[in-house]
Amino acid sequence: GAVVSQHPSRVICKSGTSVKIECRSLDFQATTMFWYRQFPKQSLMLMATSNEGSKATYEQGVEKDKFLINHASLTLSTLTVTSAHPEDSSFYICSASMSESNQPQHFGDGTRLSIL
Amino acid sequence: QKEVEQDPGPLSVPEGAIVSLNCTYSNSAFQYFMWYRQYSRKGPELLMYTYSSGNKEDGRFTAQVDKSSKYISLFIRDSQPSDSATYLCASNSGGYNKLIFGAGTRLAVHP
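Chains as they are written, first to last, in the working numbering: chain A, 1 to 116; chain B, 1001 to 1111.
Among the clues, some could well be false.
Claimed, not checked - 30 Å max Cα-Cα, derived DSSO-like pairs, lysine-lysine:
(1) A:Lys20 to A:Lys64
(2) A:Lys41 to B:Lys1002
(3) B:Lys1098 to A:Lys20
(4) B:Lys1067 to B:Lys1098
(5) B:Lys1056 to A:Lys55
(6) B:Lys1002 to B:Lys1067
(7) B:Lys1042 to A:Lys55
(8) B:Lys1056 to B:Lys1098
(9) A:Lys41 to B:Lys1067
(10) B:Lys1042 to A:Lys66
(11) B:Lys1098 to A:Lys41
(12) B:Lys1042 to B:Lys1056
(13) A:Lys64 to A:Lys41
(14) B:Lys1002 to B:Lys1098
(15) A:Lys64 to B:Lys1056
(16) A:Lys20 to B:Lys1067
(17) A:Lys41 to A:Lys20
(18) A:Lys64 to B:Lys1067
(19) B:Lys1098 to A:Lys55
If you're looking for bench data, these hints aren't it; they were derived computationally from the structure.
Make the full structure from the sequences, and use the hints.
Pasting the structure below:
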């Protein structure tokens, strides 16, 4: 149980392109989903917290207009990197937490984004 | 000072060894503690989670929390090459949401 699917796993695109990443909880309802960014050999940095049906809460220093997050249902959240540039190249990982309180986060397998 | 400190390693051990992975945290309000395992180019996989102090055992893994010293440990018994990965500790105060992660310790178990 507690499977989180993230798609796509790998994206290579040109500078200026917008990229959408999907995060789905396959066998549970996720009230809250999280988006992280991870640079090589570094830990996860929380970008934003997304609650179903409401606006995402962004961490300090994360541009809301750059990283658009939508959490339209209890099983799906999307992250759109708008007008991506090479400095946006990174490993993006989502996680989801079950609707019940005090349940740990379960992670997707990440999306490796490379902007040329 | 980071809220969760973890030695990045790498830690190299022979197969069958007992591995001890450790973290310290600074926020005394932290009550929830987790260990995740992350293989290269994959997302973190939940190994253990605990609330408050004490020990929790699951197969070859034991998680230990000492709130008096703000110290978190993960022990792996009979380590296997397949245990080679990065191990991340995480904590927070308000339930399991909004985790603060350590830097991760890279573990290599060699045959």
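Holds or violated: Lys64 of chain A to Lys41 of chain A, with C-alpha atoms at most 30 Å apart: 26 Å, holds
When you check the alpha-carbon spacing of Lys1002 of chain B and Lys1067 of chain B, does it fall within 30 Å? Satisfied, since the Cα-Cα distance of roughly 17 Å is no more than 30 Å.
Satisfaction of hint between Lys1056 of chain B and Lys64 of chain A, Cα-Cα up to 30 Å: 40 Å, violated
Has the given pair, Lys1067 of chain B with Lys1098 of chain B, been kept, meaning a C-alpha gap of at most 30 Å? 20 Å, holds
Taking 30 Å as the top limit, are the C-alpha atoms of Lys64 of chain A and Lys1067 of chain B close enough? With a Cα-Cα distance of about 37 Å, the restraint between Lys64 of chain A and Lys1067 of chain B is violated, given a limit of 30 Å.
Would the pair Lys20 of chain A and Lys1067 of chain B pass a check requiring their Cα atoms to be no farther apart than 30 Å? Violated, at roughly 41 Å.
Given hint Lys55 of chain A paired with Lys1098 of chain B - CA-CA distance at most 30 Å: 16 Å, holds
With the threshold set at 30 Å, check whether the alpha-carbon distance from Lys1042 of chain B to Lys55 of chain A stays at or below it. Roughly 28 Å separates the two Cα atoms, so the pair holds.
Next pair to validate is Lys1056 of chain B with Lys55 of chain A; report whether the Cα-Cα distance is within 30 Å. With Cα atoms ~37 Å apart, Lys1056 of chain B and Lys55 of chain A exceed 30 Å; violated.
Given the proposed pairing of Lys20 of chain A with Lys64 of chain A, does the C-alpha separation stay at or below 30 Å? Roughly 15 Å between the alpha carbons, so the hint for Lys20 of chain A and Lys64 of chain A holds.
Hint consistency between Lys1042 of chain B and Lys1056 of chain B [alpha-carbon to alpha-carbon, up to 30 Å]: 25 Å, holds
Hey, Lys41 of chain A versus Lys1067 of chain B, does the alpha-carbon distance stay inside 30 Å? 28 Å, holds
Hints 5, 15, 16, 18, counting from the list given before, are not met by this structure.
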